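Peer 1: Chains as they are written, first to last, in my numbering: chain A, 2 to 112; chain B, 8 to 121.
These are calculated hints, taken from the structure and not from any lab test.
Predicted, not measured: the structure shown is a model, and the values here were computed from it.
One or more hints might be untrue.
As the list claims (entries may be wrong) - Derived contacts from chain B toward chain A, CB cut-off under 8 angstroms, selection only:
1) Glu25
2) Gly49
3) Val60
4) Asp63
5) Phe98
6) Leu103
7) Gly105
8) Gly113
Said to hold, decoys possible - Some chain B residues close to chain A (C-beta under 8 angstroms, calculated; not the full set):
9) Leu50
10) Leu53
11) Pro88
12) Pro91
13) Glu109
14) Phe112
15) Gly115
16) Val120
All C-beta atoms in this analysis are idealised placements derived from N, C-alpha and C, irrespective of residue type, glycine included.
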Amino acid sequence: GESVGLHLPTLSVQEGDNSIINCAYSNSASDYFIWYKQESGKGPQFIIDIRSNMDKRQGQRVTVLLNKTVKHLSLQIAATQPGDSAVYFCAERGAGGKLIFGQGTELSVKP
Amino acid sequence: DAGVIQSPRHEVTEMGQEVTLRCKPISGHNSLFWYRQTMMRGLELLIYFNNNVPIDDSGMPEDRFSAKMPNASFSTLKIQPSEPRDSAVYFCASSLEGPLSEQYFGPGTRLTVT
Numbered sequence: 002g003e004s005v006g007l008h009l010p011t012l013s014v015q016e017g018d019n020s021i022i023n024c025a026y027s028n029s030a031s032d033y034f035i036w037y038k039q040e041s042g043k044g045p046q047f048i049i050d051i052r053s054n055m056d057k058r059q060g061q062r063v064t065v066l067l068n069k070t071v072k073h074l075s076l077q078i079a080a081t082q083p084g085d086s087a088v089y090f091c092a093e094r095g096a097g098g099k100l101i102f103g104q105g106t107e108l109s110v111k112p
Numbered sequence: 008d009a010g011v012i013q014s015p016r017h018e019v020t021e022m023g024q025e026v027t028l029r030c031k032p033i034s035g036h037n038s039l040f041w042y043r044q045t046m047m048r049g050l051e052l053l054i055y056f057n058n059n060v061p062i063d064d065s066g067m068p069e070d071r072f073s074a075k076m077p078n079a080s081f082s083t084l085k086i087q088p089s090e091p092r093d094s095a096v097y098f099c100a101s102s103l104e105g106p107l108s109e110q111y112f113g114p115g116t117r118l119t120v121t
């Protein structure tokens, strides 16, 4: 079956450091992946996406890396700021286009 | 745009009572999604509509759950009768066209069933 999971449930970093959040997926046929950020009391917010024909995609301070060989996805946040503190979810597009979300990693940024 | 609007933001009810959650999608979006979020199971898709028609309801837990979308600007998720295990945060999201386009989430409704 399809499943998406996260390696680290919590991550604590110092302000200004880079953060790396990891995600493993099980369906090698998945063609599209998304990272979401969820702040306390709010709904998930789209950060960045990547299609399976790419290995890397960069946004503003964020980079997503996709390793299809080991079915691994990561989100890198450069110069992490207190405002980056949130739970981060990876999501995989499964059959019929339905999004399957991972369990989430809580990122805590220490000032 | 005000984004996806959900009401109520918080709901506390007793077991056996009917609960109705409401959602107004972003104007112009053709697709609407209902999700449930719990610590144990994470974020799960319950049902989604395209052009007001239910497309995939395979995530609806059981017959106690029902969802409607009478028009393009309004949807409800109803639980009758509610049970303590239904306690969760319920999110509504909308997208321009189907699950292949970016989904915008509402703030959620936190439901507590005692």
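Peer 1: Each hint: holds or not?
Peer 2: Structure-based check of each hint:
| no. | hint | verdict |
| --- | --- | --- |
| 1 | Glu25 | violated, 24 angstroms |
| 2 | Gly49 | holds, 5 angstroms |
| 3 | Val60 | violated, 14 angstroms |
| 4 | Asp63 | holds, 6 angstroms |
| 5 | Phe98 | holds, 5 angstroms |
| 6 | Leu103 | violated, 13 angstroms |
| 7 | Gly105 | holds, 6 angstroms |
| 8 | Gly113 | holds, 5 angstroms |
| 9 | Leu50 | holds, 4 angstroms |
| 10 | Leu53 | violated, 11 angstroms |
| 11 | Pro88 | violated, 27 angstroms |
| 12 | Pro91 | violated, 22 angstroms |
| 13 | Glu109 | holds, 6 angstroms |
| 14 | Phe112 | holds, 3 angstroms |
| 15 | Gly115 | holds, 5 angstroms |
| 16 | Val120 | violated, 20 angstroms |
Consistency note: the structure conflicts with the earlier hints numbered 1, 3, 6, 10, 11, 12 and 16.
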